[in-house]
Every structure is written in C-alpha cells, then in structure tokens.
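So the sequence shown is numbered by the working numbering: it starts at 1 and just counts up by one.
By construction, these hints were calculated from the structure, which means they are not laboratory data. Hints may contain errors.
Cut-off 25 Å, straight-line C-alpha distance, at most; resulting in silico cross-link-like pairs (DSS-like, lysine-lysine) [to be verified]:
id : residue 1 : residue 2
1  : Lys-66    : Lys-20
2  : Lys-57    : Lys-29
3  : Lys-20    : Lys-57
4  : Lys-29    : Lys-66
All of these numbers come straight from a predicted model, not from anything done at the bench.
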Amino acid sequence: MTHPKHTHDDSAGDRLIDMKCTHCGYEEKMPAWCYGEEADYLIDIGNPEPQRWQCPKCYNETLCRKP
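Could you put together the complete structure from these sequences and hints?
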C-alpha cells in the first residue's frame, strides 16, 4: 500500500527493460525508472555514449540494453 501523500509516477510504471552483458552473456531485467534516471544524468553531463552498467556476474562495465 502506498502512503496517502505519496504520488506515484506511473510514467515508467513497473515496466522492465531487458539487459544483456556483452562480455559474458548474462541477462537480467532492469526497472525502466532506473534506466531512465541514468539516461537523463548522462545526457545532462554531455556523455554521448550508451549507458553501461557493471555486470553482476563478470564485474565488467558491459551490461547494456538488449537491442
């Protein structure tokens, strides 16, 4: 149950984005709101590179959105 004063932003809702490690092939789903926050931050700092996260299996910075 949400707090009565909490306004839930459903723009990303409970959507999940498929992610895959380009190094070891590990796959997982990431909440869309989390992916969006990082994308906004990278745009704000002028980074033109696509987002990459650390893979929880091989620990390389190679976890990215599946095409």
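For the pair we were handed, Lys-20 and Lys-57, check the Cα-Cα distance against 25 Å.
holds, 11 Å
25 Å limit on alpha-carbon distance, applied to hinted pair Lys-57 and Lys-29:
holds, 14 Å
With a cut-off of 25 Å on the C-alpha distance, tell me whether Lys-66 and Lys-20 pass.
Roughly 6 Å between the alpha carbons, so the hint for Lys-66 and Lys-20 holds.
Assess, step by step, whether the Cα of Lys-29 is no farther than 25 Å from the Cα of Lys-66, and give holds or violated.
Satisfied, since the Cα-Cα distance of roughly 10 Å is no more than 25 Å.
Checked against the numbered hints listed earlier, the structure breaks none of them; every hint is satisfied.
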